[in-house]
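Let the sequences and hints guide you as you build the complete structure.
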Amino acid sequence: MSWIDIGHIDDIPLRGARVLKTPAGCVAVFRTAENEAFAASDRCPHKGGPLSEGIVHGQSVTCPLHNWVFDLNTGAAQGADEGQIATYPLRLEAGRILIDGASVGQRSAA
Amino acid sequence: MAQNPNPRQLMQSLPWQRSEKMTKKLIIIGAGMAAGRMLEHLYDAGKDWDVTLFNGEPRGTYNRIMLSPVLSGDKTYAEIETHDADWYAENGVTCRFGEHVVAVDRAAQTVTADNGDVLGYDKLVFATGSNPFIIPLPGHDLEGVIAYRDLEDTERMMSLTEGQKAVVIGGGLLGLEAAAGMAARGVDVTVVHIMGHLMERQLDEAAGYLLRKALVDKGITVKCAANSKEITGENGHVKALMLDDGTELPCDLLVMAVGIRPSTQLGKDTGLAVGRGIHVDDQMLTSDENILAIGECVEHDGAVFGLVAPLFDQAKVAAATLDGTAAQFVQKEISTKLKVTGCDLFSAGDFEGGEGTEDIIFRDPARGVYKRLVIRDDKIIGVVMYGDTADGSWFFGLMKDGTDIAEMRDTLIFGPAYQGGSAVDPLSAVAALPDDAEICGCNGVCKGTIVEAIQGGAQDLPSLKASTKASASCGTCTGLVEQLLEVTLGDEYAAPEAQTVCGCTDLSHEDLRLLIKSKELKSQPAVWQELGWNTPNGCHTCRPAVNFYLLADWPVEYQDDPQSRFVNERKHANIQKDGTFSVVPRMWGGITNATELRAIADAADKYNVPTVKVTGGQRIDLLGVKGEDLPYIWNDLNKAGMVSGHAYSKGLRTVKTCVGSDHCRFGTQDSTGLGIKLERALWGSWTPHKVKLAVSGCPRNCAEATCKDVGVICVDSGYQVSVGGAAGMDLKETEHLAAVATEEEALELSIAFIQLYREHAKYLDRAYKWVAKVGLDWVKERVVDDLENRRALVERFELSQSIYRKDPWAEEAENAAKYAPIADLTLEAAE
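Same order as they appear, the protein sequences are chains F and R. Going by the numbering used here, the first sequence opens with residue 654, and the numbers climb by one from there. Going by the numbering used here, the second sequence opens with residue 9, and the numbers climb by one from there.
Worth flagging that the hints you see were computed from the coordinates, not collected in a lab. On a predicted model such as this, the values are computed, not experimentally measured, just so you know. Just so you know, nobody snuck in bad clues.
Pairs of lysine-lysine residues, derived as BS3-like cross-links and limited to a Cα-Cα distance of at most 27 Å, are as follows: (1) K674(F) to K826(R); (2) K674(F) to K634(R); (3) K674(F) to K585(R); (4) K700(F) to K826(R); (5) K700(F) to K621(R); (6) K585(R) to K700(F); (7) K700(F) to K634(R); (8) K674(F) to K614(R); (9) K473(R) to K525(R); (10) K700(F) to K698(R).
Below, the structure written as structure tokens:
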């Protein structure tokens, strides 16, 4: 895997998210109340809502458009809704957020 | 500094201290707990070493963990000394205490002491420990700024007398122990912690909240999420700590307890491989085969160490390695069981969760107990406990053994003694209320009175209403009264099902609001814990409601949490179906001018706004603005004097007006002027749902005031105020509240009504729904008939507005970076 440093965990609000632009499209990078970080597609499969704008609770996010809830670990929609968002490998090292470049369509760095 | 040889040093040369074998020379740098333990193992093995022990501190080995009891006065230094002078003497250790090693020559196998002595070694052990990290704030070198590391620091804190002030930076274990120790001596202590909750490395937010509460009860002031900016001094001595929000915390002593760093300088100078710590292998050997390292100065397999258990393991392995026997240091899963200032804490494993984890949470508000198990694949991977840690080791055992807990999952959290026990009691929060807790605010009935009445024979709601008046007025406490019936009567009472807020709690909105008030819950963690939430931090349904209730009830104490808001209120704009936003600047009372219109037109051009629309609330909507452009378009509109129209908020939207007596031949009063005054008074306020007003200048009602939340119709004799209208999913005409003679009264009445709505309504109930629940008479009693209460409501609204009557756009325009992507990998790819 090719880990790319995309920023510091503190750049993301607690229980919030920021967008990461990648060759594979917009990725939402989430930070939970317990300072975990997750990366997943920013697009809700239902109507394309921006998940980075959703409410982050536990290890889940709720889409701001129609309240679909996704588990950030698996990307699976919860409850009665059926759907899936892509999740991307991500690591935290001393507060720095590293994302697997290959998984988001980044050609390996020179 | 050179030290005279003391008698004990001479004793080592006595023949009976020596074996006949060739004695090897061992030099140890540092006499901390790891070094002390290693020496014990070395002598237990019976091998003979000529040991010289250097220590920067002018004393031998003591139990550093026990400095806190020394600080609080529970122990003396003598009691925490683990290896006293006699012990070193008996074992023939040459002690060079108060002396430093300044250089190591690996080729010659010698060390140089700071007095110039050069000593040869066969084996050398680095046990240099760690250094406290000092934040390089301006003023950190002032007299009276100390760390908390050794006996000198402890003695310095003990020198403070009652009533003096101390500030502790750092809400970790060490900082809190320093704070508690000083507080026990009558010192006025403030803890400043940069993170959102205390001890975030050992505890999650809920446990951190309980710990904070316990410390506050001890008279310690705790400031979390606080950034230190500068230390100010007077005559070279510390005077105060300044926070970046402008708060000044005066102090006589400032203790920094923000962490430790492995002490590696000598290791680096010696040319050893050093990362975060001195690199060691599984045998505790450094990159030089004759040099070992143990304790807090080492880095093993990427980890550095601060707790005592792994240090002792390292000491044992190092002793074996010196001895020539095989041993291996293995990093073990460790649990932390702590008593911080009398509060029991336990944490182990990964309580931050991770991929595929779930939580089992137990909260007992009455006892202040919190337990959380983190589960993955039916195995415990993390444990956090507060208040009752009795089962900690049992959970830790299950965790270490990787026991499959699927079978006992339902009862697991109750511990080994309760396998097969019953479920948690949802009534515990009500049961825990004291007898004098007010249940019915309308009639001033407290819990004790209700329970007495139940025991006296009033065993259902109607008879309770009749005998005590509880829940006989607005009815919002009905749920609580029913729970009291249930708690008091047990199985004899079957309560009607109440609608709960969401799956995170068994409470209804009404109960939740009442409990937040009666238990004075002023933070989200307080609500989660005291009301027994079954999720770590709520969900998208309950969190916005709780955030609103807290800020409405405690405007000064509680800080609004944007992350508990729906996107529109967080972004201060309305999200559209394509993910763009709409921007609506405020037009007070629907009045605008050429400058504002020009600025709106310029903004529409500059940000390529595809749609510009006139709204029903008499203002202009710019639709299709990109999220990252928001702060910039706001800034442009701000420059033309415009502020947010809050077209996105559960709060005041608009006050629609007609032109009134200024221009209209039918106008009876200045309806536009009153509309502007109302909007200026109300803007920025948060409400349970959106609030729209209108003021019409005559009964022809051109501003359509009779379908608003509050409508004012001007007549010759004054103003007719009506409330509870709707023109959305429901269509409803307002109901007459009162007719008043003056503009001031109309303003006061409208504000008092909105404040009553803010204080009592369920989140997401429009005013008309709330009025239907409580009854218009109930509202009239409070805002029309009772003038004193009307004033009190207006005062409370004003207090809240002193915080919330401000333009979020102006504030957010400075945070533009937040609105941009965190990074853009497409640019890098292109390069």
